[in-house]
Amino acid sequence: MLILECPYCGVKAEETELHAGGEAHLKRFGPGSSDDEFHDYLFMRENPKGVHFERWRHVNGCGKWFHAARCTTTLEVFGTYTAQTSAPPQEIRDAITAKRPGWSWREFE
Amino acid sequence: MKRYSAFAVAREALRYHTGWERAWRNPAPKRQYDVIIVGAGGHGLATAYYLGKNFGITNVAVLEKGWLGGGNTGRNTTIIRSNYLQDPSAAIYEKARSLYEDMSQDLNYNVMFSPRGVIMLAQTEHEVRGYKRTAHANALQGVSTEWIEPARVKELVPIINLAGPRYPVLGGLWQERGGTARHDAVAWGYARACSAMGMDIIQQCEVTGVRSEGGRVIGVDTTKGAIDCDKLGMVVAGNCSHLSQMAGFRLPVESVALQALVSEPIKPCMDVVVMANTVHGYMSQSDKGEMVIGGGTDGFNNYTQRGSFHHIEETVRALIETFPMVSRLKMLRQWGGIVDVTGDRSPIISKTPVQNCFVNAGWGTGGFKAIPGSGWAMAELMATGHSPLAEEFSMMRFKEGKFIDESVAAGVAH
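These protein sequence lines are chains A and B, in that order. Take the first sequence: its position 40, counted from the start at 1, is 40 in this note's numbering, and no numbers get skipped. Take the second sequence: its position 130, counted from the start at 1, is 130 in this note's numbering, and no numbers get skipped.
Just to be clear, a hint being listed does not mean it is correct.
Below, a list of computed lysine-lysine pairs in the DSS-like style, where the Cα atoms sit at most 30 angstroms apart [said to hold, decoys possible]:
hint	chain 1	residue 1	chain 2	residue 2
1	A	K49	B	K231
2	A	K27	B	K399
3	B	K53	A	K27
4	A	K99	B	K65
5	B	K224	A	K49
6	B	K95	B	K53
7	B	K399	A	K49
8	B	K402	A	K27
9	A	K49	B	K65
Computed, partial: chain B to chain A, Cβ under 7 angstroms [as the list claims (entries may be wrong)]:
hint	residue
10	S241
11	H242
12	R250
13	V253
14	N301
15	N302
16	T304
17	Q305
18	F309
19	F398
20	K402
No wet-lab data here; the hints were simulated from the structure. Cβ coordinates follow ideal geometry from the N, Cα and C atoms, glycine included.
Whole structure, please, built from the sequences with the hints as guidance.
The structure is reproduced here in structure tokens:
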């Protein structure tokens with residue numbers, strides 16, 4: 001069972017209190033974008049074996065969206081952070097590097 | 001390969017069963033094959049089998065990083081049905097179901113196909129309308145299903161509680177020729193038949209890289225060395241994103257955990273398969289007497305082959321309402337498999353941006369029932385470059401907007 005700490009209300013919530021919201025830091029494409037960009041935005045998702053960044057909502061708590069950095073092969077949580085950002089903050093990246101040296105994900109931004 | 005038969009059993013009985021052969025060879029990989037299939041699960045082995053049987057291509061290797069049939073093939077709830085709404089889905093699942101009917105004879109291996117019938121319960125008005133529509137669609141597709149009223153449901157499933165407080169049973173979609181089969185035996189039967197045709201099934205051989213030249217696949221790197229091939233088929237379910245990345249393209253797939261559990265064995269009490277999609281639960285009784293129960297998927301990416309406990313609780317809670325006797329059962333085992341889920345919850349059987357590289361993935365929560373049909377279509381696609389059954393399942397459909405709008409495909413209970 002996953003336990004994530006909500007960065008807003010500070011509650012360590014287990015997963016029945018939360019709702020998973022899919023890949024984090026998606027760049028949105030709409031009218032005016034190319035077919036490829038729109039296709040990738042709608043359907044292509046990162047599906048890594050290892051470090052992953054996701055959106056979660058503290059649905060049965062404060063109700064706010066936040067981000068989580070997690071490992072998909074061990075279910076280890078590296079940290080949670082605010083939703084008001086388009087890339088993980090340095091301390092989250094450092095926390096991941098400490099445990100998974102050389103990790104990579106798709107480019108942020 | 002010595003054929004299995006009643007005579008063989010009698011012959012071996014007379015000599016203390018010393019004459020049985022290994023069901024398949026365990027060879028070292030050759031340098032080169034015409035076709036390499038990655039993934040020795042049901043779909044991969046079926047692909048290899050129909051390449052040999054239908055197209056005479058037998059210089060084939062099936063590579064498996066673990067042991068054959070050890071992934072989702074050995075982890076599902078063994079349900080076989082084909083009562084889908086959309087034509088492409090109904091066509092491939094009905095092909096699969098019909099191939100299951102004589103699979104034991106075809107493979108000379110008892111896969112214990114049991115066409116005991118499958119009911120999908122309608123527990124909301126929406127489902128009633130949906131299943132009536134599916135029954136009409138099935139009539140046009142030549143798939144034998146019927147809408148049945150609650151009284152008939154009770155007759156087929158005496159242990160059911162029709163008047164549940166939250167989810168009363170309002171009827172059901174009944175497919176009399178659906179059922180179950182022994183999932184391991186399906187993989188073993190295909191493996192034995194492939195091996196007998198001279199194909200190499202290479203276990204504990206993980207693919208670590210895909211080599212291509214000028215946009216065309218030329219081979220793979222593995223933990224047992226480099227192997228060349230003319231054509232490559234990727235049939236690795238939950239790991240398909242990982243493998244496609246090695247080949248240099250992406251798939252519109254996310255991998256999540258799906259769980260199942262079985263109870264202690266009890267006396268026969270239910271001789272059909274019952275699915276309750278509103279509450280995300282389905283149940284059948286195995287030949288050993290265990291109640292085999294499947295539930296819903298987790299909502300987040302996961303490669304651990306174990307799921308979250310609360311999903312079991314939700315599934316069992318819902319089933320208890322519909323089957324009150326379940327509340328007295330002890331559960332023996334619980335496990336998870338990693339299922340690959342696409343954007344429209346329908347599978348991908350497709351050519352890829354890399355020439356001569358083919359992918360069969362995205363079966364999500366509904367792969368087992370499709371194994372023979374999927375292998376049939378994938379083999380045809382790989383051998384001839386075109387398969388009518390696979391046509392609509394191209395990975396290009398997402399870009400083209402030609403989704404398969406399979407309304408029952410909520411990512412569960414396929």
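Query raised in the report: Which hint numbers does the structure go against, in order from smallest to largest?
Result: Numbers 3, 17, 20, in rising order.
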